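Guided by the hints, dock chain C onto chain G, whose structure is given.
Chain by chain, the residues:
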Amino acid sequence: MTESFDVAIVGAGPAGISAACLLAKKGVKTVVFERGEYPGAKNISGGVLYGHDLAQNLPDFVSRNCPIERNIVESRLWYLAKEGGFSLSYRDRIFFQEKKYNAFTVGRAKFDRWYAEQAGKLGALVVCGTVVVGLLRDGRNQVVGVQTDRPDGDLRAKVVLLADGINSPLAAQTGFRPEPKPSQVALAVKEVIELPEEQIQERFNVDPGNGVTIEILGAATQGMNGVAVIYTNRKSLSLCVGANLSDLTRRKIKPYEMMEDFKEHPAVAPLIQGGKPTEYMAHWLAEGGYDSIPRLCGGGFLIAGDSGMLFNALHREGSNLAMTSGRFAAEAILEALEKGDFSRKGLQGYLSRLQESYVCQDLKKYRRFGSFMENNPEVFASLPEWAGQAAREMLTVDGIPKKKKQRVIWDRLRRQISLGRLLRIFWNGWRSVR
Amino acid sequence: MKKKVEDKLFLDRFRVDEEPHLRIRDGSVCRDQCTDQPCLYFCPANVYKMEKDHISVTYEGCLECGSCRIGCPYLNIEWRFPTGGYGISHKFG
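Listed in order, the protein sequences are those of chains G and C. Each residue of the first sequence is one higher than the one before, starting from 1 at the first, in this note's numbering. Each residue of the second sequence is one higher than the one before, starting from 1001 at the first, in this note's numbering.
With the rest of the complex left out, here is chain G (with noise of 0.2 Å):
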């Protein structure tokens, strides 16, 4: 490939999607290059996706045919103990037609497809089944383009956006963001269970084209850092289980035995039973907040998505704050291209516009929550465990006097955990939020 492009694009995930869609829409030559052999092999995320981001790339995504799975109408909270489990849930009516779309599920396999098709359709030109292995670089060190595994692979483009999601060997070997550590990501599994349409209505209690998703934390981790998660697509389920990989690695817990022992819990259990589980895969997600996240931008170059850690673990937001990072790296270079000026002074802009939205102001809000699940095991652990009996002591009729019940448990809290760790958590974790 001798041809030179405006802009190359690493990765055809919502973050490098949204940078093409509107670079494309402006008519610059852009080229997303993606090593999956289409746009979405390699991605997963729980599955929850939200309108208004993608909206602003592409207000009518609906018409266009969105693949979408189910609007979200619920969501559930769980805190779980080994045999049973506390549940809240909020559905609101403003989520069913006023606000349909404001969360909705879906396959990352189809969606990221469709999502590149109306970038392609707009004009950007998306080469999959390419892996991007290294970056040129001209006298002054600045980027100029991009070295893929084809024969003649290189490609020189006026500025590079990487956006090649948080497993990135390439941002590694250019040091642009050093490798995560252990503790900085939480490698997840996810089992999708496929299951007839009307039983997931029924056992959600939804209409078609409704669902629910279902955070959940405690036993399911087994004590670890972690979560999981049942998202509702339209004829499956999505099952994650996630935790820091410095606590599996230390806890020598097997990702797939904790998925197995979560699926028979029995809050989970009726849900998914009769189901046929389809597909099995595997990821990182990116725990390490505000504090981790990389020099975004530098001479030739930006990043985006999950590549610059921009993930909102609390929230469980990250493809949206992809899809506006990426509009933000489109807009800087678009003005970067309008001054013909690529170095990391022409692409500031994309720093500004991070900075004064909800993708930074967020992540900012939340940087202390990451090192909060870290130092406080006992959220996981103890806590779910003991608030489980207490609740198990007080719904059991079994002639005991309810006051005698009482100081069983809070006795049983005390041996546990004392008072002031107990206070501290909780300070620890409201700051951590506020």
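Don't read these hints as lab results, they were simulated from the structure. Hints may contain errors.
Stated by the list, open to error - 20 Å max Cα-Cα, derived EDC-like pairs, lysine to aspartate or glutamate:
hint: 1; chain 1: G; residue 1: Lys276; chain 2: C; residue 2: Asp1007
hint: 2; chain 1: C; residue 1: Lys1002; chain 2: G; residue 2: Glu83
hint: 3; chain 1: C; residue 1: Lys1091; chain 2: G; residue 2: Glu197
Said to hold, decoys possible - Counterexamples of contact, computed for chain C against chain G with all Cβ distances above 12 Å:
hint: 4; residue: Glu1018
hint: 5; residue: Pro1020
hint: 6; residue: Arg1025
hint: 7; residue: Ser1028
hint: 8; residue: Val1029
hint: 9; residue: Arg1031
hint: 10; residue: Gln1037
hint: 11; residue: Glu1051
hint: 12; residue: Asp1053
hint: 13; residue: His1054
hint: 14; residue: Ile1055
hint: 15; residue: Ser1056
hint: 16; residue: Glu1060
hint: 17; residue: Cys1065
Here the structure is a predicted model, which is why all the values come from computation and not from measurement. Even glycine gets a Cβ: it sits at the ideal position worked out from N, Cα and C.
Chain C alone, transformed into the frame defined by chain G:
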């Protein structure tokens, strides 16, 4: 009944690259220095298995998460993406 990881991987679609994309750099490090050998546990595809005198690498079923690259205590695993278009292809994602 609990499903084995082999059954799970059987659900996936792989286009296997002839050239392995994972390699243990120095087997003696695993044998002589690495006491915990966490790769035998955390790998979600059970790529790393203890054989009689070495750890085998069945890269064919790799889910490409990258965990072994950063989780190996001796950073003893050489890791690259499979050639473009090879490796796992998600059906639903």
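Hints, verified against the model:
For a cut-off of 20 Å, the pair hint linking lysine 276 of chain G to aspartate 1007 of chain C stands: about 12 Å separates their Cα positions. For the hint pairing lysine 1002 of chain C with glutamate 83 of chain G, the CA-to-CA distance comes to about 18 Å; that is within 20 Å, so the pair holds. For the hint linking lysine 1091 of chain C to glutamate 197 of chain G, the alpha-carbon distance of about 19 Å falls within 20 Å, and the restraint holds. Distance check on glutamate 1018 of chain C: its Cβ is at least 14 Å (rounded) from any Cβ of chain G, clearing the 12 Å threshold; non-interface status holds.
With a closest Cβ-Cβ approach of about 15 Å to chain G, proline 1020 of chain C is found to remain outside the 12 Å limit, as its non-interface label requires. Look at arginine 1025 of chain C: its CB is around 15 Å from the nearest CB on chain G, clear of 12 Å, so calling it non-interface holds up. Every beta carbon of chain G lies more than 12 Å from that of serine 1028 of chain C, the smallest distance being close to 21 Å; the non-interface claim holds. With 12 Å as the threshold on Cβ separation, the claim that valine 1029 of chain C sits away from chain G holds: the shortest Cβ distance comes to roughly 16 Å.
Consistency note on arginine 1031 of chain C: stated as away from chain G, and its beta-carbon is indeed over 12 Å from all of that chain's, at 19 Å minimum. Look at glutamine 1037 of chain C: its CB is around 9 Å from the nearest CB on chain G, not clear of 12 Å, so calling it non-interface is violated. No beta-carbon of chain G comes within 12 Å of the beta-carbon of glutamate 1051 of chain C; the shortest separation is about 18 Å. The beta carbon of aspartate 1053 of chain C is kept farther than 12 Å from every beta carbon of chain G, the shortest such distance being approximately 21 Å.
For histidine 1054 of chain C, the shortest C-beta to C-beta distance to chain G comes to about 20 Å, beyond the 12 Å cut-off, and the non-interface label holds. Against chain G, the non-interface label of isoleucine 1055 of chain C holds: every CB pair exceeds 12 Å, the least being about 15 Å. Annotated as non-interface, serine 1056 of chain C keeps its C-beta farther than 12 Å from every C-beta of chain G; the closest such distance is 17 Å. No beta-carbon of chain G comes within 12 Å of the beta-carbon of glutamate 1060 of chain C; the shortest separation is about 15 Å.
For cysteine 1065 of chain C, the non-interface assignment is contradicted: its Cβ lies about 4 Å from the closest Cβ of chain G, within the 12 Å cut-off.
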